[in-house]
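Engineer: Those sequence lines, one after another, are chains A and B. Heads up, the working numbering is the position in the first sequence plus 302, with the first residue counted as 1. Heads up, the working numbering is the position in the second sequence plus 302, with the first residue counted as 1.
None of these hints come from the bench; they were simulated from the model. The reader is advised that the hints may include incorrect statements.
Said to hold, decoys possible - No more than 27 Å apart at the CA atoms, straight line, and that leaves these computed lysine-lysine pairs for DSS-like:
1. 386(A) <-> 591(B)
2. 481(A) <-> 721(B)
3. 384(B) <-> 591(A)
Claimed, not checked - Quick partial rundown of chain B residues pointing at chain A, CB under 7 Å, derived from the structure:
4. 360
5. 468
6. 481
7. 487
8. 590
9. 593
10. 596
11. 603
12. 628
13. 644
14. 646
15. 689
16. 700
The beta carbon of each residue, even a glycine, is placed where N, CA and C say it ideally should be.
Number of protein chains: 2
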Amino acid sequence: MTARNAFYAQSGGVTAVINASACGVIETARKHTDRIGKVLAGRNGIIGALTEELIDTSAESDAAIAALRHTPSGAFGSCRYKLKSLEANRREYERLIEVFRAHDIGYFFYNGGGDSADTCLKVSQLSDSMGYPIQAIHVPKTVDNDLPITDTCPGFGSVAKYVAVSTREASFDVRSMAKTSTKVFVVEVMGRHAGWIAAAGGLASTDDTPIPVVILFPEIEFNQEQFLSRVGENVERHGYCTVVVSEGCHWPDGRFLAEAGTRDAFGHAQLGGAAPVVAQMVKDSLGYKYHWAVADYLQRAARHLASRTDVEQAYAMGKAAVELALEGRNSVMPTIVRASQEPYRWEVGVAELKNVANVEKFMPRDFISEDGFGITGKCRQYLVPLIQGEDYPPYAGGLPMYATLQNVAVAKKLSGDFKL
Amino acid sequence: MTARNAFYAQSGGVTAVINASACGVIETARKHTDRIGKVLAGRNGIIGALTEELIDTSAESDAAIAALRHTPSGAFGSCRYKLKSLEANRREYERLIEVFRAHDIGYFFYNGGGDSADTCLKVSQLSDSMGYPIQAIHVPKTVDNDLPITDTCPGFGSVAKYVAVSTREASFDVRSMAKTSTKVFVVEVMGRHAGWIAAAGGLASTDDTPIPVVILFPEIEFNQEQFLSRVGENVERHGYCTVVVSEGCHWPDGRFLAEAGTRDAFGHAQLGGAAPVVAQMVKDSLGYKYHWAVADYLQRAARHLASRTDVEQAYAMGKAAVELALEGRNSVMPTIVRASQEPYRWEVGVAELKNVANVEKFMPRDFISEDGFGITGKCRQYLVPLIQGEDYPPYAGGLPMYATLQNVAVAKKLSGDFKL
């Protein structure tokens, strides 16, 4: 068997640990040079494959690749670009095959979430549909934690840790200020449809450090009256209250609390600004002084506070993807399987891509407290293992030493540009 | 000489390291029981002295006090409450003396910023003005870094580190996304009048990790045209741009970019929301997709990312305050003196309170680049030492173990309530 090259690309919103998966893919491929030639990365995701803008990762030293493990963001650039169906845009698939053939690419590793799993699924069918032999393996990634089958998604554990820690820290702050100043602190977190990230705010409160946290989930229709009543009770009883609001929180009629009216490349509504809306509501109805924060990219880029469990799982998913390819698999995604709850143990499983693509995993109703404003013991049991352990990046001069790769371009072999 | 008790209180906005100063005060006092009896803390700052709500810190174990060093926020509660002048409100001063006398308080340690230094100054004059013997020492604290004389203020170094690291992380994120999605990321940071915190965003970019950062300082009148032109240039050249906007950024006529119309207890305009204003401006004029974040309390509470230098200085200021008291000093504040730039060395100095109270230290013009959107080498030289070193709190179950004290109340000795 002769070695063929591998294509690796990052897709969708990046995370604190997607590069740890890239590290897992590349380091594992480097151990199997008899089967895998070079790992060529797509510059800016799948777009790099379409435009033949490939990055030669073999130009990077082992040390540079190792540093990806502690570097947030997407080292090769990501994109929001979803392939249409074969019927709707055959031209794109023909182009992919043209590029793959020109660069002898036999393995396709795509690192992304639900939309990307769909792209990966379509590529995995190219052998059958268009006669080009390729093995396509999806590497799970999404801070939203909304992929099915896998117990969790790399990227989520670190955001969860960030949100839990930040919520605890800011709650201590507002508790200090509450006598004469701020009584309510509102922090807005990501999670367009699924409330996993918001749920992590509930972890800030533990038996030995109780904190009155009210969570607004996208899965629960916003009930203003009940919400204000709950905030008021907390301030009466504890002197202060912390609110964690998901960007996806919405009114019964479906309107987001913070509808901006703009849409991203996938056609999703672009959100932001639920926190000031909620804070103003508290001020107007209850009269409490507030502060609010919107974490936005800070939460998903916060490699400085990554969960060690998450980093290890992200790396393992990259490694497993290559191993699955070497086993001859196609159209699959490695998964994280919770083998034991206490003590927490996990192992690597595998899922068929057709069962993953375009399926969103929401918070089960029994993970949300009956009143809709908190998490249950069952949810806590699920979440707590995912934020375990710290994995600090190295620092120099007071700042984390994050890697920026050279990203050396592979010489183009095709003539003519491809218009996206 | 018989031992007299000490009063300690926290004032104004809390920080990631104000409790490290409390730790320095209490641990040092505990070594001098021949001179200092108990340290009685004001519950919610100076209000606790007025209402005779005192906390007996001697009820806390050495371990609990030691844990303050790694706990953000104000362990005894803070307040925004400024004493009026002796002429304007003699009743408050008479009450303070009544409480001090009842509890044999001979030392007054007040941990705060410029407004608090003014309160401390007034208390320090009680010996002369009202015949009650007391030594009042101010312990510097403010994330705004705007106290005069001292080289820096405890609390600032940790916020600076948080802003520098978060700006770097989010910039890596937007750089990854810029091809098809977000091209401009805007993060809003604190700093009502002084741009020290915003300046720290400039540290995200270094020679080996260059990042196109545009900073909007409160010291520089906002020039929309020049700002947009600078952002556009960065996106053209680098593909993306990060904007760090101070909450205090304002138009030439003095209106804040994000004027909310409300005012805090000191009469300062309450701000928030400059980031969405700036982001929308970029979208409207340049058409770039944006994301924005407002760090708010997250930045000043982020003990998980504290600067070790800052923690050490905060502790040293608390310790020095007690030592100054033991030397018989009154109406002073320990300061941080930069003894050497390279290698950075600092020592403890002392300032007269009358030279500190109500004086704000702004960014010198030569710390801001000529175009007004960046920091100079001189500024970088000043800032870099302040973010050096990490000082991670201990973790359990994935979360930092922050201390919540028992805060045992001292039995009241006075009859009747005091109305604030």
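Engineer: Please flag the earlier hints that this structure goes against, numbers listed from lowest up.
Structural biologist: 4, 8, 12, 13, 14
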